[in-house]
Amino acid sequence: MINLAQKDIKHTFGKFIVTAMGVGMLLGIVLIMIGVYRGMIVDAKVLLDDLKADLWIVQEDTLGPFAESSRVHEDLKNSVHVIDGVKKSVGITFQNLQLISKTKPVRVVAVGFDPYDTINPINPARLVEGDMLRKDHYEIVVSDNIGFKLGEEIPIGRNIYKVVGVTHGTVSSGGDPLVYISLKDAQELQFSYSNNRIRSDRARGIKDSTTNMPMVNAIIATVRLGYDIDSVANNIRQTLHKSVYTKDEQKDILTKNLIERASKQIGLFTAILVVVSTIIIALIIYTMTLEKMKEISIMKLIGIPNSMIMKMIVQETLLLGFLAFIFGNLFSHLIYGRFPKRVVLEISDAWMLFIIIMVASILASLIGIKKVINADPAAAIGG
Amino acid sequence: MAKQAIKVENLVKHFGKGDSLVRVIEGANFQVDKGELVALIAPSGAGKTTLLMMIGCVEEPTSGKIYLGDELVYDNRWLTKEQRKIRREKIGFIFQAHYLIPFLNVIENVTLVPQTNGVPQKEAEAFAMELLDYFDIADKAHNMSSELSGGQNQRVAIARALANKPQIILADEPTAALDSERSVSVVKMLKKIAMDQDVAIIMVTHDEDMLPFCDRILKIENKKVVSHDVPKNKDVI
Ligand SMILES: Nc1ncnc2c1ncn2[C@@H]1O[C@H](COP(=O)(O)OP(=O)(O)O)[C@@H](O)[C@H]1O
Ligand SMILES: [Mg+2]
Chain H
1 MINLAQKDIK HTFGKFIVTA MGVGMLLGIV LIMIGVYRGM IVDAKVLLDD LKADLWIVQE
61 DTLGPFAESS RVHEDLKNSV HVIDGVKKSV GITFQNLQLI SKTKPVRVVA VGFDPYDTIN
121 PINPARLVEG DMLRKDHYEI VVSDNIGFKL GEEIPIGRNI YKVVGVTHGT VSSGGDPLVY
181 ISLKDAQELQ FSYSNNRIRS DRARGIKDST TNMPMVNAII ATVRLGYDID SVANNIRQTL
241 HKSVYTKDEQ KDILTKNLIE RASKQIGLFT AILVVVSTII IALIIYTMTL EKMKEISIMK
301 LIGIPNSMIM KMIVQETLLL GFLAFIFGNL FSHLIYGRFP KRVVLEISDA WMLFIIIMVA
361 SILASLIGIK KVINADPAAA IGG
Chain A
1 MAKQAIKVEN LVKHFGKGDS LVRVIEGANF QVDKGELVAL IAPSGAGKTT LLMMIGCVEE
61 PTSGKIYLGD ELVYDNRWLT KEQRKIRREK IGFIFQAHYL IPFLNVIENV TLVPQTNGVP
121 QKEAEAFAME LLDYFDIADK AHNMSSELSG GQNQRVAIAR ALANKPQIIL ADEPTAALDS
181 ERSVSVVKML KKIAMDQDVA IIMVTHDEDM LPFCDRILKI ENKKVVSHDV PKNKDVI
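Quick note, the sequences are listed as chains H and A, same order.
The opening position of the first sequence corresponds to residue 1 in our numbering, with each subsequent residue numbered one higher.
The opening position of the second sequence corresponds to residue 1 in our numbering, with each subsequent residue numbered one higher.
To be clear, the hints were calculated from the coordinates, so they are not data collected in a lab.
Here a beta-carbon is modelled for each residue, glycine too, at the ideal position from N, C-alpha and C.
Treat the hints with caution; some may be incorrect.
[Unchecked claim] Residues from chain A shown here face chain H by an in silico Cβ test under 7 Å; the list is partial:
#	residue
1	F30
2	V58
3	E60
4	Y67
5	N76
6	W78
7	R87
8	K90
9	I101
10	E108
11	V119
12	K122
13	Y134
14	M189
[Claimed, not checked] Mimicking DSS-like on lysine-lysine, the simulated pairs with C-alpha atoms at most 27 Å apart in a straight line are:
#	chain 1	residue 1	chain 2	residue 2
15	A	K7	H	K294
16	A	K81	H	K370
17	A	K17	H	K311
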């Protein structure tokens, strides 16, 4: 039996392929959009996972440094440490920095930690060059995507920092590149005042602000084996009156508070793109059918049953959808590496899009089918 | 009864309603026998195409009866839901333009209807090749219609009309687009087909030169169909 769809596509092959590629690019963008969202979720968790902390102790009534500003005294770590079940506890800071590179300023998030303390937030697996921080001052470990080389010197604030290590794949929860500096440096950058400010404070009669207790943004702690993380957290909450979050709760805060809006944004954008793709496929099928109205009328006139003609329309539509899907995947895989932030293409997302596109194609072919049913065989010879 | 291929009784066809009512056919009665090549002539707009389309189960009459062979297919209403099945099994259509399907090659165009009727592809193709050979275009079997000349395409179209071994061929001005030499050869071909295959052929024509090759002439006069003998003064070659 002659397959009409196959013959028709062969006849208009170039046009068909170009059309499929065009729709495919649209689908590729849909996949990239979903990938951007997945990337955000992955990024949000990279730092948390690298830190390997079980508990986050932050300023009372705040959600912690990823959601809002949080300050606690550094010596809180000692109070945490003596709580039953706590294995290690250290202070940690997070702050945005603008690094001056040769070409352009780069925005980074700096993690400050005490290189001599018990928890090292740098995941050794991510260190690709150089070393961990070794000194209390003026050393920096940078992420490899910001363009600084090992041994390079970077001016930050009033001092020059030397790049001692380079990491790969480290990003802040917002997807910005990470750098690591010592806690002392971080505290100086974040909490100490400039000489001007100190002079002006003194002139106003404010007591010497440089003698402030050292602050950090959060205390992170690990829990001893055999202890229930939640009950240790409760214990700290009750004795120290601080807000305490487990690692999972921190992840929830990140994904709920920070990612949710972004995901709605991207979700809506993706949904619109899918609808647009569907409409475009429908329009293409409609025009493809319109272009064939004469032939369809002739076929009806010489007695070809509707089912055969409809089969042609449906097969062409499904093939168009399928090819567009293939092109979309190729396209997205070709370009996703060029995006500055992480794009994660997941097979499950691709399958979902596949199902959506196939359903959309079937819906689109209904328009063509309606044209076939309504086509007047007598119109073939009219005019 | 065995000779009857088409029989029409009191056939009426109106288009539209009320003020815009167009009475095209008002009670046509005629019969065409197997093996007959009949010319259908009338001025433009008299209803020739409409009449063919009613016989071909494409256009629904307003009232009357239509027999195809011995089968009553229309009796004030279609007696079957599957007019298209009747078309593809019993009728071959030829038009002024070839109306070949542009995305099918010659042999696919010719075998489409028989294959739809369930004839195995090999068998359909073998018969199609016979027909194409008969029309001297077997070498074009795998070309697209766009690669053929007008005359070649028209011969493919005639081959297509014959491919389902129809009992009836309805030809609407099949020679109008051809030069007189080609026209004569097509009409002679139709006459031969009618005789050889015992097919009833109604051919609409405006060309009086074609009439001598026909067995009979049907004229639409005063919205009725009248049968005439072919004019004797022209020599049948
Ligand atoms: N679908 C239609 N609706 C209304 N009038 C029609 C339609 N088809 C044909 N007619 C009218 O019927 C008459 C016969 O048309 P037609 O059969 O095409 O004539 P012919 O083939 O003899 O030139 C014409 O007057 C034409 O305007
Ligand atoms: Mg006509």
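The hints, checked one at a time:
1. F30: Nearest chain H Cβ about 22 Å off; hint violated.
2. V58: holds (5 Å)
3. E60: violated (10 Å)
4. Y67: violated (19 Å)
5. N76: Constraint on N76(A) not satisfied, violated at 20 Å.
6. W78: violated (14 Å)
7. R87: Holds - the Cβ of R87(A) comes within 7 Å of chain H, reaching about 4 Å at its closest.
8. K90: Violated - the Cβ of K90(A) stays beyond 7 Å from chain H, reaching only about 9 Å at its closest.
9. I101: holds (5 Å)
10. E108: holds (5 Å)
11. V119: violated (10 Å)
12. K122: Violated: closest Cβ of chain H sits about 12 Å from K122(A), beyond 7 Å.
13. Y134: Check failed: Cβ of Y134(A) comes no nearer than 20 Å to chain H, outside 7 Å.
14. M189: Given a least distance of 19 Å, the restraint on M189(A) is violated.
15. K7(A) - K294(H): Status violated; Cα separation ~31 Å.
16. K81(A) - K370(H): holds (19 Å)
17. K17(A) - K311(H): Between K17(A) and K311(H) the Cα gap is close to 37 Å, so the pair fails against 27 Å, i.e. violated.
Violated hints, in rising order: 1, 3, 4, 5, 6, 8, 11, 12, 13, 14, 15 and 17; the structure is consistent with all others.
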